[in-house]
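Chains Y and H, in that order, give the protein sequences. Residues in the first sequence are numbered from 257 upward in steps of one, following the numbering used here. Residues in the second sequence are numbered from 103 upward in steps of one, following the numbering used here.
Treat the hints as calculated values from the structure; they're not laboratory data. C-beta: ideal position from N, C-alpha, C; glycine also. Heads up, some of the hints might be wrong.
Chain H regions said to be covered by chain Y (calculated; three or more residues, Cβ under 8 Å) [as the list claims (entries may be wrong)]:
(1) 341-347
(2) 482-489
(3) 498-504
Not the full set, but computed from the structure, chain Y residues with beta-carbon under 10 Å of chain H [to be verified]:
(4) H317
(5) T372
(6) K375
(7) G381
(8) S404
(9) A407
(10) H455
(11) P459
(12) G490
As a plain string of letters, each chain reads:
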Amino acid sequence: MRAGVLPKLLLSPSVLLVLVCVYGYIMFTIYLSFTSSTLMPSYEWTGTASYQRLFAQENWHVALSNLWVFASLYIGVAVVLGMGFAILIDQHIRAEGVFRSIFLYPMALSFIVTGTAWKWLLDPGVGLEHTMHDLGWESFAFGWIKDSDMAIYCVVIAAVWQTTGFVMALFLAGLRGVDAEQISAARVDGARTWQIYLHIIIPQLGPVFVSAFVILAHMAIKSYDLVIALTNGGPGRSTWLPSVFMYQYSFTRNEMAIGAASAVMMLAAIGMVVLPYLYSEMRKVKNG
Amino acid sequence: MRKKLIATVLAGAFGFAGASFAADNSVEVLHWWTSGGEAAALNVLKGNLEKQGIKWNDMPVAGGGGEAAMTAVRARVTAGNPPTAVQMLGFDILDWGKQGVVADLNAVAAKEGWDKTVPAALQKFSKYNGKWIAAPVNVHSTNWVWANKEVLAKAGVTSDPKNWDEFIAAAEKVQKAGFIAIAHGGQPWQDATIFDGVVLTTGGVDYYRAAFIDLDPKAINSPTTEKVFQRMSQIRKLVDKDFSGRDWNVASGMVISGKAGFQIMGDWAKGEFLNAKKVPGKDFLCYRMPGTQGMVSFNSDQFVMFKVGSDKADAQAKLASAILDPGFQSAFNVVKGSVPARTDVPDTAFDACGKKGMKDLAEANKKNTLVGSIAHGHAVPASQKNAIYDVVTRHFNGQIDDKKAVADLAAALKQ
Numbered sequence: 257m258r259a260g261v262l263p264k265l266l267l268s269p270s271v272l273l274v275l276v277c278v279y280g281y282i283m284f285t286i287y288l289s290f291t292s293s294t295l296m297p298s299y300e301w302t303g304t305a306s307y308q309r310l311f312a313q314e315n316w317h318v319a320l321s322n323l324w325v326f327a328s329l330y331i332g333v334a335v336v337l338g339m340g341f342a343i344l345i346d347q348h349i350r351a352e353g354v355f356r357s358i359f360l361y362p363m364a365l366s367f368i369v370t371g372t373a374w375k376w377l378l379d380p381g382v383g384l385e386h387t388m389h390d391l392g393w394e395s396f397a398f399g400w401i402k403d404s405d406m407a408i409y410c411v412v413i414a415a416v417w418q419t420t421g422f423v424m425a426l427f428l429a430g431l432r433g434v435d436a437e438q439i440s441a442a443r444v445d446g447a448r449t450w451q452i453y454l455h456i457i458i459p460q461l462g463p464v465f466v467s468a469f470v471i472l473a474h475m476a477i478k479s480y481d482l483v484i485a486l487t488n489g490g491p492g493r494s495t496w497l498p499s500v501f502m503y504q505y506s507f508t509r510n511e512m513a514i515g516a517a518s519a520v521m522m523l524a525a526i527g528m529v530v531l532p533y534l535y536s537e538m539r540k541v542k543n544g
Numbered sequence: 103m104r105k106k107l108i109a110t111v112l113a114g115a116f117g118f119a120g121a122s123f124a125a126d127n128s129v130e131v132l133h134w135w136t137s138g139g140e141a142a143a144l145n146v147l148k149g150n151l152e153k154q155g156i157k158w159n160d161m162p163v164a165g166g167g168g169e170a171a172m173t174a175v176r177a178r179v180t181a182g183n184p185p186t187a188v189q190m191l192g193f194d195i196l197d198w199g200k201q202g203v204v205a206d207l208n209a210v211a212a213k214e215g216w217d218k219t220v221p222a223a224l225q226k227f228s229k230y231n232g233k234w235i236a237a238p239v240n241v242h243s244t245n246w247v248w249a250n251k252e253v254l255a256k257a258g259v260t261s262d263p264k265n266w267d268e269f270i271a272a273a274e275k276v277q278k279a280g281f282i283a284i285a286h287g288g289q290p291w292q293d294a295t296i297f298d299g300v301v302l303t304t305g306g307v308d309y310y311r312a313a314f315i316d317l318d319p320k321a322i323n324s325p326t327t328e329k330v331f332q333r334m335s336q337i338r339k340l341v342d343k344d345f346s347g348r349d350w351n352v353a354s355g356m357v358i359s360g361k362a363g364f365q366i367m368g369d370w371a372k373g374e375f376l377n378a379k380k381v382p383g384k385d386f387l388c389y390r391m392p393g394t395q396g397m398v399s400f401n402s403d404q405f406v407m408f409k410v411g412s413d414k415a416d417a418q419a420k421l422a423s424a425i426l427d428p429g430f431q432s433a434f435n436v437v438k439g440s441v442p443a444r445t446d447v448p449d450t451a452f453d454a455c456g457k458k459g460m461k462d463l464a465e466a467n468k469k470n471t472l473v474g475s476i477a478h479g480h481a482v483p484a485s486q487k488n489a490i491y492d493v494v495t496r497h498f499n500g501q502i503d504d505k506k507a508v509a510d511l512a513a514a515l516k517q
């Protein structure tokens, strides 16, 4: 059924807005990354000089390695925990609604609130370590957030805490969508619960894994507010992520061209994650 | 009914438009003076302007080193709606002057004789292309040490340290007595503020100028620089283990409350002590970083006036004039802990530390040992300042050793 004129008319303001304000500005940033902008945008073309300077920055390499650590741990742990909680809740337990709500609540907070709360919890002087000392456990030490090497793992902890509930909800929906007949047939054949999960249900959750991965990956790459609220870049520069790098170089260090170059790299990274997914989805739609 | 509604809306719209053409007797000021002592100092200016009938629209953007504030400024200027005045330091002022979005204060400056009363080292940052673009509020300096007298007495430190080694020995005594030797906040700008004083005490003014203002590679890649970083490592051993990320006024609080013995911080820390009703000489001591008496590494807060509409120009000129008014300069700087930006302000209202600061500034101005602070944007522009921050903070956090720090610094400041 072909769309008439009215739906197209209704959608066109939004389409125009997105075209200009999202894609237009993306083009502007890409252009800026090839210029000599410092404090304010300048339009003098300098070719790939900004990219060369970008890759020479030690801060960028710190940010990239932090992103690698953060993204892999964040996605891995969130998926495993989320799936675990979903499977446990799926066992037709009594207070299923209560548990679901408890696990989903952290999603309602903004990353700033999460970051600030965890900053206090993880601070050795006022948080967990201090409480343990007060309770009598003198030798307890958890000063990760003040340690240059371990601070990034604190960011992982806070991020996983925030998003595990959401992943759990995704998996729960997926689990509930598995055909009950297959499970009954397997039970008749004498399969035990864990075998049913491992060999029948989880393989069918493929699409859920992909959705969870795409959402978590793009959140990991864009992560800025959590880092700033939790460690403000960490001891020294040790919890910088590419988003923090982009902001610092564009606005604080008056190096807009390098900042724009780093933003383009972030866009490329997100594109690598999202575009194959989009492409496969569109192919599914076209093929019926 | 509909016609009436449309008519009312149109009338309202024109009403607003009409109102904005009348002279706007308000100023919008963007700054980062949000701690107790600083806000109290700014209230003096607010009160003075309100007496002249000018409304003060405050726009504070927190963050001790001013980073967040600079971003807010950029957004406002790009949007074409700059604040009337913005607090800025050093090279940032000149960078904005280059953009051509600042107002011309030559009329006010000529009328009040600013060229004769403001020290030359400050004027370097207040003027662009011969035109006054900013009104200096104060002169802070960064090579100070603040000490809690009682803590020092309890630790057995009886005399003020005269040089670096005596300072380290005194700090170690404080540490052995069970107190925190040096209260420090592990933010890059605070690490760099200590760096200012250590560079001055290790190499003197000539090395400071050669390495960090002129960026002479031979001066940067020298044994003096390595010694500077070795001394920074000594300081590192004297701070407590929770120093990372702490705010500067929380660190001052540690000295005020007697938990720590020393703080190496600019003289805005004095504002915190005064706000806590402590008396210089009785409760706390103030002296130059040992080895730097006679030298002053300064940074001057200046209010840059942006080009605003003609309706706001009058209020803006009054603001500039009020900032450089001798009465205000004395009242403000007494509270803030800094020294007046005019050399003709009497020091009668200042406490012991303030009087010392004014005397040191006059002496340094005469002997040409008045140098711009590296940490606060008065030695090199923002991009290189942040590159220095990178190396200093990495080194202070133990990620690179002394030799690598020297090499990284040389690479970062390569022209």
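Hint check:
no. : hint    : in the structure
1   : 341-347 : holds (count 5)
2   : 482-489 : holds (count 4)
3   : 498-504 : holds (count 4)
4   : H317    : violated, 12 Å
5   : T372    : violated, 12 Å
6   : K375    : holds, 8 Å
7   : G381    : holds, 5 Å
8   : S404    : holds, 5 Å
9   : A407    : holds, 8 Å
10  : H455    : violated, 48 Å
11  : P459    : violated, 45 Å
12  : G490    : holds, 8 Å
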